[in-house]
Amino acid sequence: MDRKKLTIALTGNPNSGKTTIFNNLTGACQHVGNYPGVTVERKEGRLKFKDYEIKVIDLPGTYSLTAYSPDEVVARNVIIEEKPNLVVNIVDGTNLERNLYLTMQLKELDIPMVLAVNMADMAEANGQRIDYPLLAELLGMPVVRTIGTRNEGTDELLTKVIDVTEKGLVRTNKQVNYAVEVEDAISRLKGFLPEAKGNGIQMAAGAESISTSDINYPARWLAIKLLEADSEIIKKVKTMPYGGPLLKEAALCREDIRGKLGEDSELAIVDGRYAYIRGATREAISINKIDRVSLTEKIDCVLLNRVLGIPIFLGTMWLLFQLTFTLGAPIMEWIEAGFGVLGEWVGANLNDGLLKSLVVDGMIGGVGGVIVFMPNILLLFLGIAFLEGTGYMARAAFVMDEVMHKVGLHGKSFVPMLIGFGCTVPAVMATRTLENPKDRLVTMLVTPLMSCGARLPIYTLLIGAFFAPQVAGNILFSLYLIGIILALIMAKVFRTWLLPGESEPFVMELPSYRLPTIKAILLHMWERTWLYLKKAGTIILAASIVMWALFTFPMVDQYGNEFSSSEQQVEQSYAGRIGHAIEPVLSPIGFDWKTGTALMAGLAAKEIVVATMGTLYSIEDEEALEEKETATVKTFAERAREQSGYTPFTAYILMLFCLIYVPCLATIAVIKRETNGWKWPLFTIGYTVLLAWVVCFIVYQGGVLLGFQV
Amino acid sequence: MVKTLIELKPGEKARVKRVTAQGTIRRRIVDMGLVPGTEIEMERYAPLGDPVELKLNDYHLSLRKAEADTIILESLEEI
Chain A
4 MDRKKLTIAL TGNPNSGKTT IFNNLTGACQ HVGNYPGVTV ERKEGRLKFK DYEIKVIDLP
64 GTYSLTAYSP DEVVARNVII EEKPNLVVNI VDGTNLERNL YLTMQLKELD IPMVLAVNMA
124 DMAEANGQRI DYPLLAELLG MPVVRTIGTR NEGTDELLTK VIDVTEKGLV RTNKQVNYAV
184 EVEDAISRLK GFLPEAKGNG IQMAAGAESI STSDINYPAR WLAIKLLEAD SEIIKKVKTM
244 PYGGPLLKEA ALCREDIRGK LGEDSELAIV DGRYAYIRGA TREAISINKI DRVSLTEKID
304 CVLLNRVLGI PIFLGTMWLL FQLTFTLGAP IMEWIEAGFG VLGEWVGANL NDGLLKSLVV
364 DGMIGGVGGV IVFMPNILLL FLGIAFLEGT GYMARAAFVM DEVMHKVGLH GKSFVPMLIG
424 FGCTVPAVMA TRTLENPKDR LVTMLVTPLM SCGARLPIYT LLIGAFFAPQ VAGNILFSLY
484 LIGIILALIM AKVFRTWLLP GESEPFVMEL PSYRLPTIKA ILLHMWERTW LYLKKAGTII
544 LAASIVMWAL FTFPMVDQYG NEFSSSEQQV EQSYAGRIGH AIEPVLSPIG FDWKTGTALM
604 AGLAAKEIVV ATMGTLYSIE DEEALEEKET ATVKTFAERA REQSGYTPFT AYILMLFCLI
664 YVPCLATIAV IKRETNGWKW PLFTIGYTVL LAWVVCFIVY QGGVLLGFQV
Chain B
30 MVKTLIELKP GEKARVKRVT AQGTIRRRIV DMGLVPGTEI EMERYAPLGD PVELKLNDYH
90 LSLRKAEADT IILESLEEI
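Chains as they are written, first to last, in my numbering: chain A, 4 to 713; chain B, 30 to 108.
Some hints here could point you the wrong way.
As the list claims (entries may be wrong) - Once the Cα atoms are required to be at most 25 Å apart in a straight line, the calculated SDA-like pairs of lysine to any residue come out as:
(1) B:Lys84 / A:Ala128
(2) B:Lys84 / A:Leu311
(3) A:Lys409 / B:Thr99
(4) A:Lys86 / A:Val167
(5) A:Lys239 / A:Glu84
(6) B:Lys46 / A:Asp274
(7) B:Lys84 / A:Glu84
(8) B:Lys38 / A:Ile302
(9) A:Lys441 / A:Val410
(10) A:Lys522 / A:Pro17
To be verified - Label pairs and their computed distance ranges (CB to CB):
(11) A:Thr329 / B:Glu106: 53 to 63 Å
(12) B:Glu106 / A:Trp321: 40 to 50 Å
(13) A:Leu137 / B:Glu70: 24 to 34 Å
(14) B:Glu106 / A:Val183: 21 to 31 Å
(15) A:Glu155 / B:Glu106: 40 to 50 Å
(16) A:Gly130 / B:Glu70: 16 to 26 Å
(17) A:Trp529 / B:Glu106: 27 to 37 Å
Please keep in mind that the hints were generated in silico from the structure rather than gathered at the bench.
Quantities reported herein were computed from a predicted structural model and do not represent experimental measurements.
All C-beta atoms in this analysis are idealised placements derived from N, C-alpha and C, irrespective of residue type, glycine included.
Chain B with its partners taken away, still in its complex shape (with noise of 0.2 Å):
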């Protein structure tokens, strides 16, 4: 079962395996440290329910469903 970044509830980390974006918005989201094997850890949804903000490498990032569906994460424990 494929589990992408929208999936985590607020509080559950996990890890990245892929980023399935393409184009400008992957550049993006990989420029901004998403990369295979980074932990992150869902904080919250906005009060309306879009965007969704995360921590990783210690700051807090906030996207959009949209693309943080395009990110396929594994568990902290597989390796």
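Pulled out of the complex, with its shape left as it was, chain A reads as follows (with noise of 0.2 Å):
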């Protein structure tokens, strides 16, 4: 059978149940994306229902429609240029005022429109009742009460949506009127269209809309919209033949208004539409307000309070890393053997030569060294994903904000910060949660300061090499502080000099806390691994191959002999002899050419830099290759210390290195693909890079004056 195709469009605020009811709509059928140019997250998914195959489009969760925040342009733009049959909108029921708010904007977009008040078990708890069909006519559009969290109304929402889009828009007179200043200037600006159609503007069909090139504006939203000064839709009127003359007719307008009504129009529209809902909600909705303190209030008195609040917030942070490390290392040791026996195996079973070596040491290498941080992806990203769906990160932001701010970012930003402890990469992409372009730069910017998972294993092992038992906890810790310390100092430099500027206010809502389904917190966790898997995997398999080709050509040297040990051959490799040229710069700071190299291949991925090291200085010999690999770590750190000359405080000065330089290609790869461009991730580069010298070349400087032995 054909099914009949139909494209709906889901909005709603943040909060409002949107993403469960997605879900319950679409199951696992989803698609995530990107929308083009911006970085604001496509999310879409098929299903069938009756004749239908319906395209569900979940929109970016916005409380507005104004051209101030990304999310809310594409909301807005989704719905205008690619015109989905109909819109969804979800409402929490236990805030209906200002989550229709939102509703009654896009009501004005004059779109066929369903209204899912979701979370209905929630606001009836509350002893509201809510009168739908007065509702539905006070609106002017179908009503269907929703229970998201237990799939509840989702099957009379679709046969409403079906219902409504056979019928087609049905235009009622139920809409915001405006005072009557405010209708007046809409009456003339919409006057002003039919004249400016004769010189080149298009009406479309029924004179409700007009358009600019391919774009369809409903009319009175235009007007509204230039009576708001909404800065994309001057801009786009301007591009218009005839748009000078109507944006100089909206400026007489705006100031007309003000003039009249003594405040300016941007909020006297506002104003509007919420004595509108106050209306509307005042009639269909009767409260049997039981008075008492909810459970959010109750919860918030504890994890907010001015004492236990940022305790709480240190030991959550804590309990997270806890789960991640912890739960995940013996599954990372797992991952690590398998890929052991993998590379065993496929080396016994291939000739000796390059092919070999390209597979074992370049191939399965670096697809293990991603596939091994897997765990701990997974796992952090499930504590966090918790975080977000039970409410709490919104309260982290608001305990954090004090200290963020200081440093000219935004409490949001710790978010990002956080996950950069696990791993750079979905750090860089979680900062898509902050609207302000300047903030969101900056906190990508220092991100990488956050010692991410994937250094770990170089600190582990210089440690054990280098330092007894009994500080070793200290000196781990102090290399995570000082990547803290360093990412503050370095958003406070960024936000003063480079980028200057307002940071986005802080108006955040604290939303009421639930506990989120585990299909949500699932589906949520795995999103995320799965772009880190794709974005990140198939960079560091491309880097990993390259790094391999450095280190292993040429297989000759200059008279065509090989080389007579394999440190001999990676001296005399590419990478080696770019070791050798920088040596130079590295002296003042206390490395030589192998661990420049080192350092070198350490740029694919972090976790490299101890296996090259490893080769540079031999202390993995043949025999110890064969063994177990628990049973070298012992050995191989005790021949770390014999064999490189590193003495603790040398150590010490390469995990700084390590943790300041460069964050992996990975991370670069991300930032260029999340900044659409070049220049941020060079940037990175170049000040990670010079940080970390300069950084290093203190500490080194002071330590032989101070009389470390180095």
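Build the complex from these two chains, which are given one at a time in their own frames, with help from the hints.
What follows is the structure, encoded as structure tokens:
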């Protein structure tokens, strides 16, 4: 049977349960992508219902449809430009007044709508009774009662969707009626539009919309946006052939309203919408207010307590890390062992030579390096998805904002920085929650300074080899701490000199606590992990092959003879030669060419530093390689100490350098993708190397002066 | 005496009279429902003193003191 095709868009406030309904509708049949040019996630899913095949676009959650945030612009542009057959607006039943504010704006876009009053159970528990038919009549659109978390009302919602689509848009006189002065201005502007028609602006059928090039704007909406002085729309109207006079007229109208009402037209319009909503809710909703302190308020009394708030926040973060690293460690060992076995098996079945070396060292090693972090990343995202789903993340931002604000960032910046302890790649992607582009960029630039999971093997090895077990914990902690402090300092520096300007205002909802569904958490976790695998995995694989080539070629010396040892081979390889070339720059911080070469290898992925040093200092000999990995750890550490010529002090400098210098190539690639260009990824490389060098120089030279053994 | 939102103590209620912020911040504030006539209740200050949390229209909103200071209040008795 040939199904009829239908496209619907889901809109709603953040925390309205929109994602849950999207998951209920589409199940696992989802696709996550990006809107072109902006880093707003585009989620789509498909489902079949009755005779229809329905494509569902999950628009970003927004409170309004202004031009100020990319999310809001994307949401309204999808509706105007892609013209879905219908818009489903999901509202939080416990907080109708503010949620309906978006509804009234959507309605002005003149598109068929269905309203889903979600979390109806919670609203009813609060003593709220909604007269659904009356609300539908007052708002001029069908209203469905849904409970997303229990998948109630999904079929009714779909039935209404089909119903409305088949009937088409029914215009009612139910719309926000603004103050007389505003309505007069709207009529004036609307009257101005047909006049512009003959001058190049096309009137769409029904004379209720006008187009610029190929975009149709509903006339009333356009007039309202002009009165709101919407920057996006003004920019678009400017390009219209008759745009100039129209804008002049709009400016006159705005002046006029301000003169008559004593307040600007923007506020008059917002006011009008809220007044209309108050009228409607007063009629359709009877509140038998149960006067009690809500559970959310009780929880917040503890979690946001002036004394307990910060300790609880720190404790939560500590738990998150325990979960990630303690639970993840054994699984990581299995994966490592698995790849070891795979490498051996492939090695045994391939003839010695270039191909074997490429597959075993380059590819299996490279892919293994990506997969080995999967348990950490899955667990970290599981924890973060849970904290986000319950509503605690907003509280964490609330608690931390003062600290973040001092260095010119936003309370929300701390989430990506936190993820940065796990892996910088998803952390950079997580900066998308920041609306202000400057806040976002600065957060992205400093996130690599948060010591990621891949740097841990370097620390573990060097600390194990050079420091007594009693101080090991403190040394490790000092590295993490230095990373955090540098990140805060650099944020302040960037925000003051590189990207000065207002930071995003902190006007944020603290949503009610709720228990997220397991399905929602798992889907969220998987989405992010998959992005990491896809984006980071491919790049790390490519980078490991390049690194493999740099370390493998040339295979013979200038006379065509093979090298006598692997150490010599590496020294003569392209990588070794680069290491030699940069030695003069590294000697002021106490490194020789071998360290330089190892650091270069670390560009592909930080954990490679250790392996490369192993080769360069001939720490691992042929026999050691044959032994089981666990057995070699100790001897490896011992040999590192004996053969590298490092002292604890120089080992610490090396760790410091590893902490600060260039995040791995995958991070660079993600920054490039998120900023749409090469400028910021290159800047990140430059500043991190410079910062690493400067910090190490100060510490090294200081240490030398103080008489530390080098 | 003009009273702004930061002068409200936790537990106190008032009504929004005017928003003096300009530009983007103003739009954000009014979009969230802080329009003249809205009743609000101060909930608490963050542990480090900034931002503040308030309750309006049955939901909880947090904003920094700098923004809260642009919201001019009137007491509930005034009409």
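Against the structure, the hints come out as follows:
1. Annotation: proposed proximity of Lys84 of chain B to Ala128 of chain A holds, straight-line Cα distance about 19 Å (limit 25 Å).
2. Taking the CA atoms of Lys84 of chain B and Leu311 of chain A, the gap is about 21 Å. The hint holds against a cut of 25 Å.
3. Proximity of Lys409 of chain A to Thr99 of chain B is assessed by CA-CA distance (about 20 Å); at most 25 Å being required, the pair is judged to hold.
4. The hinted pair formed by Lys86 of chain A and Val167 of chain A meets the criterion: a straight-line CA distance of about 15 Å does not exceed 25 Å.
5. Using a Cα cut-off of 25 Å, the hinted pair Lys239 of chain A and Glu84 of chain A holds, with the two alpha carbons roughly 13 Å apart.
6. With a C-alpha separation of about 12 Å, the suggested pairing of Lys46 of chain B with Asp274 of chain A holds against the 25 Å cut-off.
7. At most 25 Å may separate the alpha-carbon atoms for a hinted pair to count; Lys84 of chain B and Glu84 of chain A exceed this at roughly 37 Å.
8. Between Lys38 of chain B and Ile302 of chain A the alpha-carbon distance is near 20 Å, which keeps this suggested pair within the 25 Å criterion.
9. Taking the CA atoms of Lys441 of chain A and Val410 of chain A, the gap is near 13 Å; set against the 25 Å cutoff, the hint holds.
10. A distance of roughly 18 Å separates the Cα atoms of Lys522 of chain A and Pro17 of chain A; the hinted pair therefore holds under the 25 Å criterion.
11. Distance hint check: the CB atoms of Thr329 of chain A and Glu106 of chain B are about 58 Å apart, consistent with the given range 53 to 63 Å.
12. In this structure the supplied range 40 to 50 Å holds for Glu106 of chain B paired with Trp321 of chain A, their Cβ-Cβ distance being about 48 Å.
13. About 29 Å separates the C-beta atoms of Leu137 of chain A and Glu70 of chain B, a value consistent with the hinted range of 24 to 34 Å.
14. Range check, Glu106 of chain B to Val183 of chain A: about 30 Å between beta-carbon atoms, so the 21 to 31 Å window is met.
15. About 44 Å separates the C-beta atoms of Glu155 of chain A and Glu106 of chain B, a value consistent with the hinted range of 40 to 50 Å.
16. Distance hint check for Gly130 of chain A and Glu70 of chain B: the Cβ-Cβ separation is about 18 Å, which falls inside the suggested range of 16 to 26 Å.
17. Checking the proposed 27 to 37 Å range against Trp529 of chain A and Glu106 of chain B shows it is violated: the Cβ atoms sit about 55 Å from each other.
The structure is inconsistent with the numbered hints 7, 17, although it conforms to all the rest.
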